[in-house]
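Chains A and B are the protein sequences, given in the same order.
Quick note on my numbering: the first sequence kicks off at 1 and runs consecutively.
Quick note on my numbering: the second sequence kicks off at 1 and runs consecutively.
Just so you know, the hints here were simulated from the structure itself, not pulled from any lab data.
This structure is a prediction, so every number in the text was calculated from the model and none was measured.
Backbone N, C-alpha and C define an ideal beta-carbon position, used for all residues, glycine too.
Do not take every clue at face value.
Covered stretches of chain B (chain A as the covering partner; in silico rule of three or more C-beta atoms under 8 Å from a C-beta of chain A) [as the list claims (entries may be wrong)]:
#, stretch
1, 35–47
2, 93–101
3, 105–113
The lines below spell out each chain.
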Amino acid sequence: QKEVEQDPGPLSVPEGAIVSLNCTYSNSAFQYFMWYRQYSRKGPELLMYTYSSGNKEDGRFTAQVDKSSKYISLFIGDSQPSDSATYLCAMRSQTGANNLFFGTGTRLTVIP
Amino acid sequence: ETGVTQTPRHLVMGMTNKKSLKCEQHLGHNAMYWYKQSAKKPLELMFVYNFKEQTENNSVPSRFSPECPNSSHLFLHLHTLQPEDSALYLCASSQASGAPGELFFGEGSRLTVL
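Kindly generate the complete structure, drawing on both the sequences and the hints.
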């Protein structure tokens, strides 16, 4: 079983749609949860991170963590063509500072 | 130059060649990483250096040899690679005092092994 499972997509939505991206994981020691965004021919960049369970909002982006279900989500509101990218979830334990476990990434296309 | 810079951006090599990938970070960070990114697979951590000392080596074949001469530079020396080693190799850096899990990635070196 993989440490982190993520549907690779691809996912295509019309501009203005609400997008939901998800990951599941198996290791209950994971405490920090990150979402990275990777544009074509670029390296990933950190979009948001959350610690333990709960929600975090940043503009149109909302990250949710449900540790009881081992399930994390990223919601993108009023999606824009500039949101078209691959979104990777990542997570680590309290002590695993240098060891992130990544999902495979979900490729998102927002159609104007 | 700012951020994390990787050269070359593209590399094609035969199985008997020797080549090197270079990474330079201008962020003053104290940790540097090599990751391998293959299609439909998660990012694979290969090597980690903290303050120039290698702290992680995730069972990477010896045909990949890292070198970290100082906290700003990281190399990945390649020799007698296999076609399955074709992938995007990403360098990243981080600072211990930064946000948890925040890695700053370069744009990657796309490697093709013939």
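**Prompt:** Can you give the numbers of the hints that this structure goes against, from lowest to highest?
**Reply:** none
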